[in-house]
Every structure is written in structure tokens, then in C-alpha cells.
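A.B. asks: In this text, residue positions in the sequence shown follow UniProt numbering: the first is 1, and each later residue adds one.
Hints were generated in silico from the structure; no laboratory data involved. A portion of the hints provided could be inaccurate.
Claimed, not checked - Using 30 Å as the maximum straight-line C-alpha spacing, the simulated DSSO-like pairs for lysine-lysine come out as follows:
#	residue 1	residue 2
1	K230	K161
2	K280	K231
3	K63	K200
4	K200	K230
5	K398	K161
6	K280	K65
7	K65	K134
8	K231	K103
9	K231	K398
10	K103	K230
11	K134	K421
12	K63	K161
13	K135	K377
14	K63	K82
15	K161	K200
16	K200	K421
17	K103	K421
18	K161	K231
19	K377	K231
20	K135	K231
21	K230	K398
22	K134	K231
23	K82	K161
24	K421	K230
25	K398	K421
All figures in this text were calculated on a predicted structure; none of them were measured in a lab.
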Amino acid sequence: MCRFSKFFKLLNHNFPHYIISIINMKMAKKHLQYRNKEVIALSFNNKRHFNIIFENYFWKALKGKGLFERYCAPLLHLAGIKVAIVRTEHEGQARDLMQVMEKTQAVIVAGGDGTLSEVMTGLLRRDDSSRAIKKFPLGLLPLGESNTAAGAVWNFTGYPKPLHLAQATMAIIHNITRPLDLIEITPLQEDTDEGSPAPKPVYAASGLEWGAYRDAEMRRDIYWYWAMAKKYMTFVFSSYKDISWDCNAEVTYRNPCSGCQNCRPPPPTPEAPPPPPPQKWWVSLIPKTHTIATKPLEEEDKVVDYTGIINDECQVEHSTSFGNICDVSVLSCNTSRTTDLPGHSLALRTGIAAFLPEFLKGRALKNHRNKKKSLHKLMLLTLIFIFNPSSLVTVTGKEREFNIDRESYEVRPMTLRPLPKAVTIFAPTPPP
1 MCRFSKFFKL LNHNFPHYII SIINMKMAKK HLQYRNKEVI ALSFNNKRHF NIIFENYFWK
61 ALKGKGLFER YCAPLLHLAG IKVAIVRTEH EGQARDLMQV MEKTQAVIVA GGDGTLSEVM
121 TGLLRRDDSS RAIKKFPLGL LPLGESNTAA GAVWNFTGYP KPLHLAQATM AIIHNITRPL
181 DLIEITPLQE DTDEGSPAPK PVYAASGLEW GAYRDAEMRR DIYWYWAMAK KYMTFVFSSY
241 KDISWDCNAE VTYRNPCSGC QNCRPPPPTP EAPPPPPPQK WWVSLIPKTH TIATKPLEEE
301 DKVVDYTGII NDECQVEHST SFGNICDVSV LSCNTSRTTD LPGHSLALRT GIAAFLPEFL
361 KGRALKNHRN KKKSLHKLML LTLIFIFNPS SLVTVTGKER EFNIDRESYE VRPMTLRPLP
421 KAVTIFAPTP PP
């Protein structure tokens, strides 16, 4: 009897996933048949070719590889898409690859927030970034340990289900694209570094996190032996460690502006089309051949002229400060908590002042069960300067860190500004 119950439990768990896979495979096959009718007389070089950057240096890579081969790869192959998988071996490799990426029609990011941030940073640091962001749309396959940005795009929290992986893959197959808003984070050059080169910006899709919650979350894997209680025991044991109880900094900011002549550059002048190449006299004697008409390219977004829009409050800077705060975060619209945030704004969230270890144990456990963090103040801003952050070094002498899209960076003075419609991703346009 026990064997029968286990069999029916397994069937109840896997049968919906099996049905989803069958439906999406039939849709991918129909897309391939429709596409073959369009390009039947065209050359074989018109076959779509994508590069897949696969996150391979985390413990979850083995599970992510299995999910990709089970729910994503069959759909791409059935749709007739030629893919080349590039597995990263260390942090920063995806950023270096994107700076020299060529000879592909799109890049599929099969990983988490960290891999996506590296890909976008490498893409936007290129000398020809304005051309590259149009040439290389990004596909988001949420196969990493944390998938905050992809979860906001596909409306899920935690780990994705097979349905979300299938939806992300089918958006790539059907070539459904939309822009994605980012955050540009630039470290400020200190007075002692005048001779050194200017620091390069880092681009994030979800945001920045700093404080006790972040420090405790980064220690979660140490308590793996607690199994299901690991996420709770992390806060209990971390309350006695040297973590960022008091985040202090001075902040200069500007209020949100949807666009004016001060913050938006003038529209570029359209370039004249190149003259047609000269032809020989005997070309007119060659009979004309009938070619198969292909679908026209989608019209590019119309460039808005902001030169006639005046906003006197756009360049006005305001100053504030926060101190003795246990949690600070700067988020974009690509998180589950800020999906209704405009693309030209950032959300500065500060937590409650706390010093006692009992606060972290009690408050953090309660917030973790409710899947939310303590919030004391929320500000919508468009440009943020963070100066003089305190407690840069721990008691043991190590430099304190914060997270940018779940990747660790040293705490430094910095500038944060939103980048509306910075890159193009494969995803449907969200409803208004």
C-alpha cells in the first residue's frame, strides 16, 4: 500500500510538468514548420544562432543544467535554433566574454542575478555599446541560486517552476522583446586615487543591499547541516557575529524626473543612407529573378525630443543622512516589491535602527516567515550620491561588503542612477 501511495504522489507531482513540456514542444514544432515555409528558398545562413552563457561555478549549476536540458534545450532545438553553450569557470568571465562577443544574433543568460549583472556590465562597457545593445538581445533563463530580476519579469518568487522556464524559452523562440530598466552604480574616486584611472561602472538589474540582513544571508551556506532549518538558524547564529548592525552614510539625491532638457540628451541627427554601389552596364541584360518577400523588421522606438520640456527641479540636489540603520537597499523596478516603480526612479529603503542581537533573531525570523523585510522609510529618487559610509572595516580587519545583484563588493562612496530601457530582453510587455 505504501508503494502505491508513493507512486501516486510522484505521478501527481510530475504529471503537470509532463503536460507542460508536451504542449510547449508542440508549439515549438509548429513555429519551426511556419518558419520553414517563410525561409524555404533562402540560404541556410539565415538560421538563428544564439550563444548561451551558462553559470557553472556555483553548487546549483548541476541542478540548473538538468533543468535546462529537460525544459529549455528541447524547445530551442525543435524551433531550429542553433545554440553554442559557453560555461563560465570563474567570476567575471561572463563580463569579459560580452566585451568581445560577436557573430551571434542573441545571448541567452542561463543563470542567476550575478551572471545577468556580469553580462549586462560587459555589454554596456563596450566601446560600441549603443550598437551592441540593439544587436544582442538577452534571453533570461532563471537557473541560478537567486533570480530576483527574472522573477519580476515572469512573476514568480524563489525558484522557478517548469512553466516559467518554458515561458522564458518560448519568448526567445517567438522573438518577443521588450526593454529592461537597469541601475548604473559608479564608485566615486577618492582624493588619494587621483593618479589612478577612473573606476568603471557596474550595472544591476535588481539593486543594492547593505546591512545585517545581507550579511546574514551570505552566511547561509555555512549552516548546511541544519537542512530545512538552515534559513532560520542562519539568523540565530549570525546575531552573535560581526555583521553590519549600524549602516551610516550621507546621501545627496535628486527627485525623480521623467525626462527634460537637463537630464536627457538631444536626439541624434539621422544619418543619410549610403549611396548605391555602382553597377556595370551589362547588369541590365541579366533577367530579374523573383525573390521571396520576408517579413519587414519591427519599427524602432521613436526617439522622444526632450529639448522643449523644462523641469526646474530636475538638477536640484537635496541632502540627508541615515545612521544606526540595520538594513539599506536601493532597488529598481525589477523586484517583486517594486514592480509598479517607474523606470526613471529608484527606491531607497531603510530599515529600523537596531543594535541588539535579539532584534535580528526575532525580527528577522518573523520577516522571513512573512517573506518581507522591515521598512522604516521609503524614498523615490532619480540620482543618489552616497558619501562617507562608516564602518568600512570589521573588528577582525576585513573590509565590509554589500551586494549588487547578489554579488559582493567592497563598501565605498558611490553614485547610483537609473537607466530606463537600457537593454533588450526576450519577454512580453508587462500589462499597464
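A.B. asks: Against the structure, test the hints numbered earlier, and report the numbers of the ones violated in rising order.
C.D. replies: 2, 3, 4, 5, 6, 8, 10, 13, 15, 20, 22, 24, 25
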